[in-house]
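Peer 1: Fit chain B to the given chain A structure using the hints.
2 protein chains.
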Amino acid sequence: MDEFGLIKQYFDWGQGIGDDCALLSIDSDKQLATTVDTLIAGVHFPTNTSAEDIAYKALAVNLSDLAAMGASPLYFTLALTLPSIDQHWLEGFSDSLKTLAKAYNIALVGGDTTKGALSITINATGVMKKNQALLRSGAQAGDSIFISNTLGDAALAWQQIQNQQIPSSASVKQLNRPEPQIKLGQSLLTVAHSCIDVSDGLEQDLSHILAQSNLGASIDVEALPLSNEVAQYIAQTKDWCIALAGGDDYELCFTVPESKINHIQSIKKDLDIKLTKIGTITKKTGLKIQGLQKDCQSYQHF
Amino acid sequence: MDEFGLIKQYFDWGQGIGDDCALLSIDSDKQLATTVDTLIAGVHFPTNTSAEDIAYKALAVNLSDLAAMGASPLYFTLALTLPSIDQHWLEGFSDSLKTLAKAYNIALVGGDTTKGALSITINATGVMKKNQALLRSGAQAGDSIFISNTLGDAALAWQQIQNQQIPSSASVKQLNRPEPQIKLGQSLLTVAHSCIDVSDGLEQDLSHILAQSNLGASIDVEALPLSNEVAQYIAQTKDWCIALAGGDDYELCFTVPESKINHIQSIKKDLDIKLTKIGTITKKTGLKIQGLQKDCQSYQHF
Numbered sequence: 427m428d429e430f431g432l433i434k435q436y437f438d439w440g441q442g443i444g445d446d447c448a449l450l451s452i453d454s455d456k457q458l459a460t461t462v463d464t465l466i467a468g469v470h471f472p473t474n475t476s477a478e479d480i481a482y483k484a485l486a487v488n489l490s491d492l493a494a495m496g497a498s499p500l501y502f503t504l505a506l507t508l509p510s511i512d513q514h515w516l517e518g519f520s521d522s523l524k525t526l527a528k529a530y531n532i533a534l535v536g537g538d539t540t541k542g543a544l545s546i547t548i549n550a551t552g553v554m555k556k557n558q559a560l561l562r563s564g565a566q567a568g569d570s571i572f573i574s575n576t577l578g579d580a581a582l583a584w585q586q587i588q589n590q591q592i593p594s595s596a597s598v599k600q601l602n603r604p605e606p607q608i609k610l611g612q613s614l615l616t617v618a619h620s621c622i623d624v625s626d627g628l629e630q631d632l633s634h635i636l637a638q639s640n641l642g643a644s645i646d647v648e649a650l651p652l653s654n655e656v657a658q659y660i661a662q663t664k665d666w667c668i669a670l671a672g673g674d675d676y677e678l679c680f681t682v683p684e685s686k687i688n689h690i691q692s693i694k695k696d697l698d699i700k701l702t703k704i705g706t707i708t709k710k711t712g713l714k715i716q717g718l719q720k721d722c723q724s725y726q727h728f
Numbered sequence: 427m428d429e430f431g432l433i434k435q436y437f438d439w440g441q442g443i444g445d446d447c448a449l450l451s452i453d454s455d456k457q458l459a460t461t462v463d464t465l466i467a468g469v470h471f472p473t474n475t476s477a478e479d480i481a482y483k484a485l486a487v488n489l490s491d492l493a494a495m496g497a498s499p500l501y502f503t504l505a506l507t508l509p510s511i512d513q514h515w516l517e518g519f520s521d522s523l524k525t526l527a528k529a530y531n532i533a534l535v536g537g538d539t540t541k542g543a544l545s546i547t548i549n550a551t552g553v554m555k556k557n558q559a560l561l562r563s564g565a566q567a568g569d570s571i572f573i574s575n576t577l578g579d580a581a582l583a584w585q586q587i588q589n590q591q592i593p594s595s596a597s598v599k600q601l602n603r604p605e606p607q608i609k610l611g612q613s614l615l616t617v618a619h620s621c622i623d624v625s626d627g628l629e630q631d632l633s634h635i636l637a638q639s640n641l642g643a644s645i646d647v648e649a650l651p652l653s654n655e656v657a658q659y660i661a662q663t664k665d666w667c668i669a670l671a672g673g674d675d676y677e678l679c680f681t682v683p684e685s686k687i688n689h690i691q692s693i694k695k696d697l698d699i700k701l702t703k704i705g706t707i708t709k710k711t712g713l714k715i716q717g718l719q720k721d722c723q724s725y726q727h728f
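Protein sequence lines correspond, in order, to chains A and B.
Take the first sequence: its position 251, counted from the start at 1, is 677 in the working numbering, and no numbers get skipped.
Take the second sequence: its position 99, counted from the start at 1, is 525 in the working numbering, and no numbers get skipped.
Please note that a few of the clues may not be correct.
One copy or any two copies: either way a pair holds, since identical chains are not told apart in the list.
[To be verified] Cut-off 30 Å, straight-line C-alpha distance, at most; resulting in silico cross-link-like pairs (DSSO-like, lysine-lysine):
#, residue 1, residue 2
1, Lys-720, Lys-541
2, Lys-434, Lys-710
3, Lys-556, Lys-434
4, Lys-434, Lys-709
5, Lys-609, Lys-703
6, Lys-720, Lys-434
7, Lys-524, Lys-456
8, Lys-555, Lys-456
9, Lys-556, Lys-528
10, Lys-434, Lys-714
11, Lys-524, Lys-609
12, Lys-686, Lys-434
13, Lys-609, Lys-599
14, Lys-700, Lys-664
Read the hints as simulated data drawn from the structure, not as lab findings.
Chain A on its own, in the form it takes in the complex:
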């Protein structure tokens, strides 16, 4: 099959596909937010992951970056590298991608397919009013630090799979189908001082906020929001690092000034989401983790 047949058969639901570039217009009071993420078989997902889960995650991790800025999804491009044409695989991939794109109202506007080891690069672009974006650099001393939902579930599932244990459906869902917190990001636009999505682990990602805001933080491991499964695992192993440095959470970590704390309750109620205060931004630089006995090794890309 040639590339054009492949695109026609599996990706003709994209908009603007069929020229050298896709064309797009933007209102002048708006700003674009653009991000790119690559998923590689065996690195970012187990090699036997289904096509549906791979497609979902490849788009979801990019949506998560848009969420962390408070952007509304607008369009994305897909660069898909495949070892061969497997029609069954492509059908599953395309259907799943389309379903998620529809759910978050983001248009596929272009792509490239190449032959090689399985790899998916998505470049997602969102839009927001000018000067509203949630930046990593906006934290202020005294801000409360919050985390959405729970931490460590995806890392626990990944660890169990590698140890040939059977992970729970809930933790596998966290690993393969993380929910991009787009609505939460948008709700935080006038509430949070800073925000990041937790992809490499809380410790590393919170440290980016601290470095760019030139501040420190104190957090308490006992305050970390955990699922029963992860709580049980930590109770048995004392391995807090699964929640602090496991990565692949795709929850939002954000900081809120005292004057806006009352908004958190209404956001929790409106979005039916768990939001937990885990610590405070401090003038003194460095990240102090109370209750942690042993340092964690952060996820390293190389």
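Peer 2: Then chain B, alone, in the frame of chain A:
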């Protein structure tokens, strides 16, 4: 080395890097043109290609897509997959990418680095006045079909390398360092009816214009613009397919109405570029290639 160290060391010349997304503003009378292309070692370039040439080509092929729409380069993202951290390689890659980006005034605004088989995906975005873009669908019967510079040089170099022959410097330059025809694309904005960049070979790419314009064309192999080297190769082998279907030319193929033909002379002079008429758009569909004895096999992505 972690990803953040790598970005800091080699890619800190990018703008807006250091948050979940890059932020960008666009005037409301403008339109974005976005495109994505992946290069894979051994598929799109010989595995022993230098880091400098790989970086150049990865950005140049995307600039070529912008050129084909008549867009002005604006920004790009880089997804770089590497088997390991080779500081010497990364330095060469980064320097070369930066030099080309500067020459075409395009900003690196974001990226992702991952571990895996060498692969580079660039998503480039350009800008132009609304409703001005050069589309594949705009050709009209009677238009003259033009090609910039010469065809077949890159394909000949690739073939010679595979046959362990030594290609000429000029043809290797065409293979590794194709010049994106950005200025030509912009000059054609009010002159050409349709345009495409020749990446998969003239026959296949011109067919996209014909399909999208619902028209046909008649071209003459004797009119194809060739370098001395390719002309000599064809004289010896009668292999016109090197120029018609070799691919990797990154020249612009465009169609011009009779009323605008006089503009071509001044563009040639202003840009000091070779522009050759190779045939005519016809009402009758299908691509008729005069002087071709044997059909060519087009480049297949899989």
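Peer 1: Broken hints, numbered, in rising order?
Peer 2: Hint check: 12 fails alone, others pass.
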